[in-house]
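Student: Sequence:
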Amino acid sequence: MLKKDSPMNAYRFAYLPHVEATLNYLAPTAERPRNYTFDPPPGVPRSNFVREQHTVAVRDARPVVDDVSLDHEGFALLRGASAVHDFWDEDEVRRIYYPEVQRVIAEATGADKVFIFDHTLRRRLQGAADRARARRASRRRGCMSITPSGRARSGCGTSSAMRRRRCCRGACR
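For what it's worth, our numbering labels the leading residue of the sequence shown as 3, then goes sequentially.
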């Protein structure tokens, strides 16, 4: 039974404003999912992903921003302004936005060090190859985080993962 007064429970969450969206999820497969970022070995497909589309409610959690916490819900909504003027300017993002994000994450988690290893600008340009370095297409599936060993994992943003410094450290792309 759901308690109406517990923070961010399903009862309260169900009544938040939302839009319906179709998201692509990985379907269960016998093999471990694999995706080559660059050219795969000869005869090997770029990806073995099998996608399943699901229509889901994408909820606006801003009305309960003060009721959610990283420790309890596994995510936090943080407010912050940026001094970046042009987010398409890679140098400006690295020079200004990286330190801003590192500061916000460190304050929210208590981390001694926050490391952002990269970011990706995504834009679909008619006729451009999706994998061109400066022109990566918009994502067609959800985010996954990367462990320090380079392995993909789920559970990004959980407080225990952040304390162990095993989440994506703000570099979800």
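Calculated directly from the structure, the hints in this document are not laboratory data.
Errors might be hidden in some of the hints.
[Claimed, not checked] Only pairs whose alpha carbons sit at most 25 Å apart, straight line, appear in this in silico SDA-like list of lysine to any residue:
| no. | residue 1 | residue 2 |
| --- | --- | --- |
| 1 | K115 | V103 |
| 2 | K115 | I98 |
| 3 | K115 | R125 |
| 4 | K115 | E102 |
| 5 | K115 | Y99 |
| 6 | K115 | A83 |
| 7 | K115 | E54 |
| 8 | K115 | G76 |
| 9 | K115 | P65 |
| 10 | K115 | V95 |
| 11 | K115 | D73 |
| 12 | K115 | E92 |
| 13 | K115 | V66 |
| 14 | K115 | F51 |
| 15 | K115 | A59 |
| 16 | K115 | P44 |
| 17 | K115 | G82 |
| 18 | K115 | V86 |
| 19 | K115 | F89 |
| 20 | K115 | L80 |
Student: Against this structure, judge whether each hint is valid.
Tutor: Cross-check of the supplied hints:
With a C-alpha separation of about 12 Å, the suggested pair K115 and V103 falls inside the 25 Å cut-off, and the hint holds. The suggested pairing of K115 with I98 holds, with an alpha-carbon distance near 17 Å, which does not exceed 25 Å. Under the criterion of a C-alpha separation no larger than 25 Å, the hint pairing K115 with R125 is inconsistent with the structure, at around 31 Å. Distance check on the hinted pair: K115 and E102 sit about 13 Å apart at the alpha-carbon level, within 25 Å; holds.
The suggested pairing of K115 with Y99 holds, with an alpha-carbon distance near 16 Å, which does not exceed 25 Å. With a C-alpha separation of about 21 Å, the suggested pairing of K115 with A83 holds against the 25 Å cut-off. A distance of roughly 37 Å separates the Cα atoms of K115 and E54; the hinted pair therefore is violated under the 25 Å criterion. Taking the CA atoms of K115 and G76, the gap is about 20 Å. The hint holds against a cut of 25 Å.
For the hint pairing K115 with P65, the CA-to-CA distance comes to about 31 Å; that exceeds 25 Å, so the pair is violated. Taken as a hint, the K115 and V95 pair is honoured in the structure, with Cα atoms around 19 Å apart against an allowance of 25 Å. Taking the CA atoms of K115 and D73, the gap is near 19 Å; set against the 25 Å cutoff, the hint holds. Between K115 and E92 the CA atoms are separated by roughly 22 Å; this keeps the pair inside 25 Å, and the hint holds.
Straight-line distance between C-alpha atoms of K115 and V66 comes to about 29 Å, which puts the hinted pair past the 25 Å bound. A C-alpha spacing of about 34 Å is found between K115 and F51, which places the hinted pair above 25 Å, so the restraint is violated. Between K115 and A59, the direct Cα distance comes to roughly 35 Å. Violation of the 25 Å bound is thereby established for this hinted pair. In summary, the hint linking K115 to P44 is not supported, as the alpha carbons are separated by about 41 Å, beyond the 25 Å threshold.
Only pairs whose Cα atoms come within 25 Å are accepted, and K115 paired with G82 is accepted, the gap being roughly 19 Å. For the hint linking K115 to V86, the alpha-carbon distance of about 22 Å falls within 25 Å, and the restraint holds. Proximity of K115 to F89 is assessed by CA-CA distance (about 24 Å); at most 25 Å being required, the pair is judged to hold. For the suggested pair K115 and L80, the alpha carbons sit about 18 Å apart, so the restraint of at most 25 Å is met.
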